[in-house]
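Each protein sequence line maps, in turn, to chains D and W. For the first sequence, the numbering used here gives the first residue as 1, with consecutive numbering after it. For the second sequence, the numbering used here gives the first residue as 1, with consecutive numbering after it.
Just so you know, not all the hints are guaranteed correct.
Claimed, not checked - Within a straight-line C-alpha distance of at most 27 Å, the following computed DSS-like cross-link-like pairs (lysine-lysine) qualify:
{"no.": "1", "chain 1": "D", "residue 1": "80", "chain 2": "W", "residue 2": "81"}
{"no.": "2", "chain 1": "W", "residue 1": "9", "chain 2": "W", "residue 2": "203"}
{"no.": "3", "chain 1": "W", "residue 1": "203", "chain 2": "W", "residue 2": "186"}
{"no.": "4", "chain 1": "W", "residue 1": "14", "chain 2": "W", "residue 2": "81"}
{"no.": "5", "chain 1": "W", "residue 1": "240", "chain 2": "W", "residue 2": "9"}
{"no.": "6", "chain 1": "W", "residue 1": "68", "chain 2": "W", "residue 2": "186"}
{"no.": "7", "chain 1": "W", "residue 1": "112", "chain 2": "D", "residue 2": "80"}
{"no.": "8", "chain 1": "D", "residue 1": "80", "chain 2": "W", "residue 2": "9"}
{"no.": "9", "chain 1": "W", "residue 1": "68", "chain 2": "W", "residue 2": "14"}
Worth flagging that the hints you see were computed from the coordinates, not collected in a lab.
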Amino acid sequence: MNMMVSAIGQGLLWAVLGVGLFLTFRILDFADMTVEGTFPLGAAICAAAINAGLSPLTATLLAFVVGSLAGLITGLLYTKGHIPILLAGILMMTACYSINLRIMGRANVSLMGKPTLFKNTFLQSLPQYFDSVFVGTAVMVVVTAIVIYFLQTSLGQGFIATGDNQTMARSLGINTDNMKMMGLMISNGLIAFGGALVAQNNGYADVNMGIGIIVIALASIIIGEVAFGDLTLNQRLVAVTLGSILYRFVLLIVLKLGFNANDLNLLSAIVLALCMMLPVFKQSFNLKHVLKRGLDTND
Amino acid sequence: MTEPLLQLKNVVVKVNRHTPEELQILNHLNLTINQGDFITVLGSNGAGKSTLFNAIGGDLAIDGGQIKLRGQEISRESVEKRTRFLSRVFQDPKLGTAPRMTVAENLLLAEKRGQHRGLLPRQLKRQLPRYRELTAAMHNGLDERLNTATGNLSGGQRQALSFLMATLERPELLLLDEHTAALDPKTSDALMTLTNQRVQEEKLTCLMITHHLEDALTYGNRLIVLHHGQVTYDVSGAEKQALTTERLYEFFKEIE
């Protein structure tokens with residue numbers, strides 16, 4: 001039971017990464033590698049700020065701001081510097097590694113004995129792991145609501161149109177470069193925000209905590225889509241959170257099967273690859289079904 | 001005398017600049033577009049028709065000359081800024097609409113062409129009755145599919161929608177780049193009739209590239225032929241009405 005609650009809590013806390021990545025991966029329609037750098041960046045900023053005496057809330061919001069600045073730089077490299085987005089993201093991710101070490105001063109910074117978002121009397125009074133369920137739910141309700149509102153505004157519609165058909169967007173007077181930069185800023189802001197949450201929940205920030213982040217974030221998006229099928233845009237955003245929880249359950253099962261935590265990145269990659277290939281499997285399955293039926297009627 | 005809407009003076013566009021393959025696609029092109037002109041544009045492949053549109057629209061920077069809107073130089077303005085007075089319909093039905101967004105969402109996007117897009121709710125529902133009326137006038141079933149993603153429409157429906165989107169917020173200048181070429185003859189004719197009707201009713205100023213000599217003769221008050229990046233033929237009014245396809249064929253033979 002405890003394991004289940006823990007999985008739900010982790011799923012909720014990490015779901016913000018899925019929503020952040022959704023904006024670039026699904027709406028702007030490209031894979032932004034920056035997130036592998038902005039996730040530990042958010043953690044580093046938050047840990048450093050808390051250690052410097054800032055309140056946990058300020059530190060978490062600061063992580064969002066710095067994360068979105070990193071997204072802005074990727075956006076500038078991509079739109080104004082004409083560097084392909086994949087490479088622009090990798091450049092920022094690499095640069096962030098050094099920046100994170102500078103911010104923290106060493107590879108790992110502990111938050112032991114420091115105030116965090118999780119250390120207040122109300123959350124401490126909850127049963128074990130329910131603190132992350134509570135914080136995660138609150139965060140996801142607010143973040144999802146804001147993103148849904150944003151996408152339904154005139155600006156948000158211009159943002160969606162940019163990812164959908166750039167030529168058309170430009171011919172309607174939408175500044176597509178600005179839209180891409182804005183998307184990268186919000187996306188990386190949210191990912192850094194997630195990094196800050198996870199660091200506070202774990203009790204430390206680590207320079208290597210960004211490895212495989214894009215796979216985890218993609219997994220919540222893809223698992224959500226595979227599990228719930230045809231949805232409207234708003235429903236899909238909610239499905240990301242559910243996908244993130246389902247992903248944690250998958251990990252739980254995998255660990256129960258006897259794999260250890262070191263195998264998780266490999267297993268995450270396999271789970272994601274299988275989910276992404278599902279449409280292909282379905283198609284070939286249907287084809288066989290149709291062929292078989294065709295033979296049957298001939299007999 | 002009223003000021004012309006758009007003037008192109010000695011416009012030069014080159015490709016492969018500073019290489020041995022340098023080519024002038026627009027070669028000191030001069031064109032004056034008057035308010036209310038419906039100009040059909042003819043020319044063989046490579047004559048510079050699409051380049052002319054891209055130069056006016058701002059997709060291509062010009063290497064020389066001037067483009068003036070009501071006497072104001074606009075050749076340094078961005079594509080986005082120029083959409084305040086300009087709208088376009090492309091040849092490829094895929095280019096004119098956002099495939100994952102619904103018909104109504106596309107219309108709403110188009111209605112804000114060239115305007116500020118802010119953080120206020122889009123208020124799509126309020127527009128639906130009006131959009132239904134507008135699309136019903138196209139007589140191609142679009143009004144039944146307002147909430148369908150445009151990616152699921154037929155090419156003809158998409159192109160009709162693109163045209164509607166381009167004229168929804170009245171443009172001062174409408175550029176049609178062979179907008180019926182990708183459609184089957186019947187759908188193409190229907191869209192062409194609709195185009196003509198709309199341009200006449202709204203008294204739009206319009207440039208239309210076409211490869212159909214008959215369309216070029218039937219529609220519009222003025223006809224121009226582009227050749228080697230220049231306007232080599234420019235007729236309007238009664239002179240254009242007297243023109244026949246045979247005469248045009250002869251003219252094309254002469255210039256080749």
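Here is what the structure says about each hint:
1. D:80 / W:81: 18 Å, holds
2. W:9 / W:203: 25 Å, holds
3. W:203 / W:186: 25 Å, holds
4. W:14 / W:81: Between residue 14 of chain W and residue 81 of chain W the Cα gap is close to 23 Å, so the pair holds against 27 Å.
5. W:240 / W:9: The given pair, whose Cα atoms are some 24 Å apart, holds under the 27 Å limit.
6. W:68 / W:186: 38 Å, violated
7. W:112 / D:80: 25 Å, holds
8. D:80 / W:9: 30 Å, violated
9. W:68 / W:14: 20 Å, holds
Hint compliance for this structure: hints 6, 8 are not met, and every other hint is.
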